[in-house]
Each structure stands twice: as C-alpha cells, then as structure tokens.
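With the sequences and hints as input, model every part of the structure.
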Amino acid sequence: MSTGAAGGGGGGGDNKLYVLLVGAAFLGGGVYAYQTVRGDKQRYQDRLTEIASRPNKAAAGQPSAYIQSEAPAVEATETEEVHEQVSEPQAAPAAEESSPPAPAVEESSPPAPAVEESSPPAPAAEESSPPTPATEEPAPSETTELPPAAEPVVEASAEEPAEQPAAPVVEDEPAPPSEPSPPELTEPPPAPVVESVESVESESTAAAESPAAETPEPQSEVVAESVDSAPSPAKFPSHAPYLLIGGGTASFAAARSIRARDPGARVLIVTEEPDLPYMRPPLSKELWFSDDPSVTDTLRFKQWNGKERSIYFQPPSFYISPEELDSAENGGVAVLTGKKVVHMDVRGNKVQLNDDTEISYDKCLIATGGVPRNLQVIERAGDEVMERTSLFRKIEDFKALDKVSRNAKSITIIGGGFLGSELACALGRRSTESGLEVIQMFPERGNMGKVLPEYLSNWTTEKVKREGVKVVAEALVKAVTYKDDKVEIQLKDGRVVKTDHIVAAVGLEPSVDLAKSAGLEVDSDFGGYRVNAELQARSNIWVAGDAACFYDIRLGRRRVEHHDHAVVSGRLAGENMTGANKPYWHQSMFWSDLGPDVGYEAIGIVDSSLPTVGVFAKATAKDTPKAATEKSGTGIRSESETEAVAISPVASSTPAPTVEHHKDDYGKGVIFYLRDKVVVGIILWNVFNRMPIARKIIKDGEEHADLNEVAKLFNIHED
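Numbering follows this note's numbering, with no gaps: position 101 of the sequence shown is 135.
Simulated from the structure, these hints should not be mistaken for laboratory data. These numbers were taken from a predicted model, which means no experiment stands behind them. Just to be clear, a hint being listed does not mean it is correct.
[What the hints assert, rightly or not] DSBU-like, lysine-lysine: derived pairs with alpha carbons at most 35 Å apart:
| no. | residue 1 | residue 2 |
| --- | --- | --- |
| 1 | K384 | K484 |
| 2 | K526 | K550 |
| 3 | K374 | K526 |
| 4 | K520 | K384 |
| 5 | K443 | K336 |
| 6 | K384 | K336 |
[Said to hold, decoys possible] With beta-carbon atoms standing in for the labels, derived distance ranges:
| no. | residue 1 | residue 2 | range |
| --- | --- | --- | --- |
| 7 | G553 | D396 | 15 to 23 Å |
| 8 | K437 | S643 | 34 to 42 Å |
| 9 | Y585 | D326 | 41 to 49 Å |
| 10 | K652 | N364 | 52 to 60 Å |
Glycine is no exception: its CB is placed at the ideal position from the N, C-alpha and C atoms.
See the structure below:
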C-alpha cells in the first residue's frame, strides 16, 4: 500500500510539470507569433512606402524618359519635339508643370507594376469615350505638320499643333467649330505615339509590365482645358505636287496646261489677292465703258461686240477647295487666296507663307508678276498726297478709282504709256457725262511716245484729246504738295497743275522678293528672274509672266509685261513642268485699245528709238477693235490666235499705193521696227487677226529689200 501511494504521488508531480511546460510552450509560441505578425505588418508598410516613392525616384533619375501618362505638359517642357497621344494630355498645363510626379496615380494603384504605366491610360480614356469617330476632325491638322519619318502614328491630339513649333501650318486657322468634349479628344487608337527614343522604350516596357493599369480614368475630364489654345485642322495640304506662286494669268495658264498633259495632276495656286484668277486687260478697257451701275460688284462687262462675259477666267465651280486637293480622285486645281509666299527653301523643296505656314512641293512655278511703280516725288510728299494717289493693277484698284471718278472733280493721270493712255480715254468718256476734268501728263511729246513713231504718237495724242482729255506733254514732275484742298503738281518748266486725285501709271516693277531666299538670279538690265529658254530658273523651279527675264531664241534676252506673254509663257512653263522641255519659241503679242474705234496689236521689240517703216491704207468700218471683236468673238484677242495660220501667208494681189508716212489720217497700217535691217518688231494699226503672219516674219529673221511688198502679206489694201 505504501509503495502504491508513493508511486501515485510521484506521478501527479510529473503531470503538473508536463502541464507547466506545455503552457509555457504555448505562451512562448503566442508571443513569437504576435511579434512575427507585427514585424511582417511593419515590413508590409515599409514595402508600400518604398513602392510609393518609386515615381519620384524615376523622375529625378531619368528626366528625359517618358513621364507618366498624366503629365504631357511636363514632356512638352522637356523636349519641344514631342508628339503626344490624344489620350495623354490629361491635366491642366499649369497643374502639370507644378507637379509632374502626379502622386494621385500611386495612391489609387499601389501595386508596383502600376507605377510605370505609360501607354495603358489611352485604353482607359477610350473606354470612357465611346464616340471615337467624332474625333477624326483634328486629324487633318497632322497632314500639314510634316512629322518626322520615325513617327508611326499620324493622328495627333488637338494639342499637338500648339505644342510642336516645327509645324506652324495651322496657326492662322480658326478654332474648331466647338470645343471638343473630352470623349471626342481621346479617340486615337491605343498605340503609343513616338515622343522620343526614350519614351518609346519606356512605353513598350510599361505596356508589358502593366497591361491592366487604368487608374487615370478621371484625367479625360480635363483634356478640354488643355486644348483651349489648339488650332483647328488645316484648310489646305502641306504638300502640293505642283505649286504655283501667284494667282494671275500666267499661273492660270500654267495650271490649265499642266492638267491638259497630266489629267490627274494636283495643282495648288497661292495668291496674295482675295480673288480667283482673272484677266487684267478689261480693268483699263471695257469695264469703264459699261452702262451697268453694278459693274464694280459683278465685274461683268460687254466686249466691243456687245457680248457679255466675266472678268474671271473660270467660275468658282471650276476649282476644288484646297482641303480637297489631297483626296480628289482625279486631282484638280485649288486656289489658296489671301496668302503670300515670303520664303523659299529650294533645297528642302518647300515655301513659307506670311503666316509661317510651310508647304512642300515637287515642282514650283513663280508667277508673281509685278507691282506698280510710283514717283519718288509723290512718295516723299506726305500722307495727304499719298491718300489722294492711286496705283492701278488689281480689281481693288479698279473699284477704288471708279469710286473716286464718281466723287472727284478732277483726276490727273501721270504716264503716257499703254495703261495711262487707256485710262485717260476711259475716264475722258465719263467727263462728258459727269463734268469730270481728266488730265494726262507725260514727259514724252505724245502719247505712247516710247513705242510709236513720232507722227503716229502725235496722231494718238489728238485722238485722246478728242475723248475729252486735257493733255500736258513734255511734263517732268518736280514736286507734289497738298494745298487748299487740292493736290498741286509742280513741273520743272514752272507749270503747275491742280487736281483732286492722281493716278500714277509709270510702269511696273517685277516682283523678285523671293530671289534672295531662293538663290535665284535677277537680271540687272531688264529686271525679273533670269531663266533659260525653257523658262527654268533651277531644276524644279520655273518662272513665267511679268517676273520672267527669259532668253528669246530669236531676239535675245527679254522681259515682257503683257497679257499674251503671260498666257504663252504660263502655258509653256506648265508643259515643261510636266516634262515637255520646250524652248520659248513663240513670239507673244500685246494690244491696246483707245476705246472701241482705235486699237493696235504689236509683237517683238517695238521701240520708237529704232528705225521704222510704216505702210498705211484707208480704213473701213470693219477696221476697228469693235469689228475685230465681233469677228473673233473675244475681246482678249490673243485667245483667238492659232500658229497654223502663220505657216503659209498669201500676199494680196491688190497693188500697194505709195507709202505715206506723214499722212494725217492713219486709218490702218503696218509699222515695221528694224535692227540691222532685220524686222524685230511689228505694229498692226487697226489691223486685226493677222498676228501669226507678223510672228512668222520675225521668226524668219530675214532682210527685206521692200517692206511695202511685205505689207501686202497683211492684205491691208483690201476693202
């Protein structure tokens, strides 16, 4: 019994010890577990803190790399060459510049992969903006920006033109029809836009690491704020296969010629004037004889034969709009009005407009024409005189002078050439109706004294006087002043002419402003751009019209300022731009009408200082500009010419009367201008539609023993 009791007591003690040890073990394990869990929680928080600090470290260590998708303004300040995705500009520029790290992104997406997301915001924005088609509007602006070849995406955000100084094309364009809503501005595909080499790499890496990061969704709401200064899409293409500088006759003739040889050609005409291409001759001729009081608005006139036509070569429907030029299936001719080319980059094959827009080209025509000259004494006379002085060249000049002629009491025309004499006769007709005093003064002895032989110049002067014009010959202007509400013109011989308004018609200065930037040569003798016989100034640049100083294969280097030359040279330049390689062999003509009863056509070098021989005959009722117009059906007589007529002229069998150079009545005739006994110029006085014959005579370049016999070729002695 004693032994059992002792054994039982010893067993109870062992159990207590076992229980104590087990309890201690549980307590120690609990303490260990608690400390372990607490330590893990601290390490977890430290890990989160480290994750949150990564963007700041990246921004500090890699300033040129692609920043997070919500900070496009930071990118723009770091490099001016960036092209941003439409979905990327997601915060107001001021906010972005002041806080590039955008901590809000990390707070909403703590996982590490979300930190470097750069391209996923685009899908996120797209998901929030289903109406993607509406944002196709801004895309055309990209076509005018000449992006680098490395850029894989042509769609750009509406911010893009404003952010990229290398593309000023759309600066002059109006704002979009309405500010696009955020969904509209986030339409481009999720493919990342190339912003820089580093940004491409960071975008591709982030796309692989974080395909599902979508935290910047709210950013699309502020896109509209960042687009306030963005221009609207461009209204014209950034590239034109055929670029024609100038909107006059030469450009239009070239465009028509290009389209004839290349039916699918895309031609862009850039003109400083607000008007579509038009003909200039009626501005100083038929328009002044119209009975329609609204002629200055309609610009429609009656030719001498009574047929009505418009001053414009073609109606607006003939042209396509500049923005359609790229997409037109069959090409076309577009006119960009109110724009001036101010710089040419001939190496880069592009031009710069006066609004900093750039347009590239494959082939270019310079047809800038010229600007009217003024007298220095007038320019130095002060503002009051300049305000009462008109130059005459454009539609707006015609409208302004028409208004002056209806309000002023006296108009003085300075200049005795073609333009001055035509305007004198035109305004002289009005003087009989309104009592307007019209004065014409010039330094020569008679009208058109530099062109016509003296006897014919004197006859023309009398004709102008009969039109109601007071002629002041041999007048050299010494000074011009404004005094007592009149403009006083003081002549060197002491005479003084008082008038209300002056029209300076003293010649044309060829427009060669582009010569310096383009590296083109200007002729020191004749002015204008020097071109070869093919009207080519450089390998892909041609010049036509008044601004071209060309090499005439028969008469040498020349520069001509007449409508027909503009037509012919423009047509030839257009052909050569399409690969014809033709020399300028055509002798252009010009004409002048002193009203419907007296007119002449001329060709070659007509200079009154050269020896001349005139052959005249009695005129009939059909020997007038009016009759010639009725016969040809056009007042622009060069339009009715055909070269075929000149191949085999047939002389008249009618015997020629004795040549009388100084007969008072010069009804009709032919005046030959000679140089080294060879005919180099011909004037057909009231003889019309015979110009091909005159052209052939000059082209042959032969000496003629009896020019009276040559005159028979024109049949001037037939009734």
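Ascending list of hint numbers which this structure does not respect: Numbers 1, 2, 3, 4, 6 - these are the hints that the structure violates, sorted from lowest upward.
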